[in-house]
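Enquirer: Please model the entire structure based on the sequences and the hints provided.
Line by line, the protein sequences give chains Y and H. Residue numbering for the first sequence follows this note's numbering, starting at 1 and increasing by one per position. Residue numbering for the second sequence follows this note's numbering, starting at 1 and increasing by one per position.
Treat the hints loosely; a few may be bogus.
Under the rule of at most 16 Å between Cα atoms (straight-line distance), these lysine to aspartate or glutamate pairs were calculated in the EDC-like manner [as the list claims (entries may be wrong)]:
1) H:K68 with H:D2
2) Y:K7 with H:D2
3) H:K52 with Y:D26
4) Y:K7 with Y:D26
5) H:K68 with H:D55
6) H:K68 with H:E42
For each label pair, taking beta carbons as the anchor points, the in silico distance ranges come out as [stated by the list, open to error]:
7) H:T70 with Y:R15: 43 to 49 Å
8) Y:F61 with H:T28: 20 to 26 Å
9) Y:R15 with H:G1: 31 to 37 Å
Far from chain Y by the CB rule (all over 12 Å, computed), these chain H residues [said to hold, decoys possible]:
10) L19
11) A53
12) E63
13) T65
14) V87
15) D94
16) Q104
Don't read these hints as lab results, they were simulated from the structure. Virtual Cβ for every residue (Gly too), placed ideally from N, Cα, C.
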Amino acid sequence: SAVISQKPSRDICQRGTSLTIQCQVDSQVTMMFWYRQQPGQSLTLIATANQGSEATYESGFVIDKFPISRPNLTFSTLTVSNMSPEDSSIYLCSVDGVAGTSTDTQYFGPGTRLTVL
Amino acid sequence: GDSVTQMEGPVTLSEEAFLTINCTYTATGYPSLFWYVQYPGEGLQLLLKATKADDKGSNKGFEATYRKETTSFHLEKGSVQVSDSAVYFCALSDQGAQKLVFGQGTRLTINP
Numbered sequence: 001s002a003v004i005s006q007k008p009s010r011d012i013c014q015r016g017t018s019l020t021i022q023c024q025v026d027s028q029v030t031m032m033f034w035y036r037q038q039p040g041q042s043l044t045l046i047a048t049a050n051q052g053s054e055a056t057y058e059s060g061f062v063i064d065k066f067p068i069s070r071p072n073l074t075f076s077t078l079t080v081s082n083m084s085p086e087d088s089s090i091y092l093c094s095v096d097g098v099a100g101t102s103t104d105t106q107y108f109g110p111g112t113r114l115t116v117l
Numbered sequence: 001g002d003s004v005t006q007m008e009g010p011v012t013l014s015e016e017a018f019l020t021i022n023c024t025y026t027a028t029g030y031p032s033l034f035w036y037v038q039y040p041g042e043g044l045q046l047l048l049k050a051t052k053a054d055d056k057g058s059n060k061g062f063e064a065t066y067r068k069e070t071t072s073f074h075l076e077k078g079s080v081q082v083s084d085s086a087v088y089f090c091a092l093s094d095q096g097a098q099k100l101v102f103g104q105g106t107r108l109t110i111n112p
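Expert: Printed below as a string of structure tokens:
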């Protein structure tokens, strides 16, 4: 499977500010996704990052709050905008369609643990 | 919509005990089914998967069988170790949607 890295691994931010999280994969992938894991909760899909076009957002998530970029097949960013304490979560990227592996299987990065004060 | 329901935790067992974590699903199509594991302070790791009815996924001594008639994908291990302590997530993927739907997670603690 691919090696997936995220930056930063954790951060503590002030309310009202924004944070951009990076996801880097060591090989080209077809699909990239962003998930949120609120404290003690399961994972919820935020959006699918589409290469060269606007991301596809799930119900309850909007582009103004979570802008996403995907400039190529190995890299994506998620920005958490105008943060509030309710945004404190672990944000994880995942990938599918890694060259040489089966599709319909997602592999996850290590996550970014965000705390908003 | 699609959904996954896991047995509620936390689950605490002694080392070498038998483990079962129940998982049932609701889906309109024919999903693939997964178990992911999250060790303390880490991201999710794929533990095993099954893509069609009666398939058995297995890895690291864990097994789960895709039961279409009972819409279940229960995770089992014959003899757990302290190192198995983690949170376990059952998930499904509707191939058409290409996204994962997760259960609520089950925290497992194994005592020596």
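Enquirer: None of the hints should be skipped; say for each whether it holds.
Expert: Now the hints, each set against the structure:
1. Using a Cα cut-off of 16 Å, the hinted pair K68 of chain H and D2 of chain H holds, with the two alpha carbons roughly 15 Å apart.
2. Annotation: proposed proximity of K7 of chain Y to D2 of chain H is violated, straight-line Cα distance about 32 Å (limit 16 Å).
3. Taking the CA atoms of K52 of chain H and D26 of chain Y, the gap is about 30 Å. The hint is violated against a cut of 16 Å.
4. Proximity of K7 of chain Y to D26 of chain Y is assessed by CA-CA distance (about 14 Å); at most 16 Å being required, the pair is judged to hold.
5. Taken as a hint, the K68 of chain H and D55 of chain H pair is honoured in the structure, with Cα atoms around 10 Å apart against an allowance of 16 Å.
6. Under the criterion of a C-alpha separation no larger than 16 Å, the hint pairing K68 of chain H with E42 of chain H is inconsistent with the structure, at around 32 Å.
7. Checked against the given bound of 43 to 49 Å, the beta carbons of T70 of chain H and R15 of chain Y, roughly 47 Å apart, stay inside it.
8. Separation of F61 of chain Y from T28 of chain H is about 22 Å and conforms to the stated range, judged on CB atoms against 20 to 26 Å.
9. For the pair R15 of chain Y and G1 of chain H, the supplied restraint of 31 to 37 Å holds, since their beta-carbon distance comes to about 33 Å.
10. Its beta-carbon lying about 20 Å from the closest one in chain Y, L19 of chain H satisfies the requirement of being farther than 12 Å from that chain.
11. Interface exclusion of A53 of chain H from chain Y stands, the closest Cβ pair being 16 Å apart, more than 12 Å.
12. No beta-carbon of chain Y is positioned within 12 Å of the beta-carbon of E63 of chain H; the least distance is around 18 Å.
13. With a least beta-carbon separation of about 18 Å from chain Y, T65 of chain H lies farther than 12 Å from that chain, consistent with its non-interface assignment.
14. With a minimum CB-CB distance of about 9 Å to chain Y, V87 of chain H fails to clear the 12 Å threshold, and the non-interface call is violated.
15. Distance check for D94 of chain H against chain Y: the nearest CB is about 9 Å away, which does not clear 12 Å, and the non-interface claim fails.
16. Residue placement check: Q104 of chain H does not keep its beta carbon more than 12 Å from all beta carbons of chain Y (closest about 5 Å).
Comparing the model with each earlier hint shows violations of hints 2, 3, 6, 14, 15, 16; every other hint is respected.
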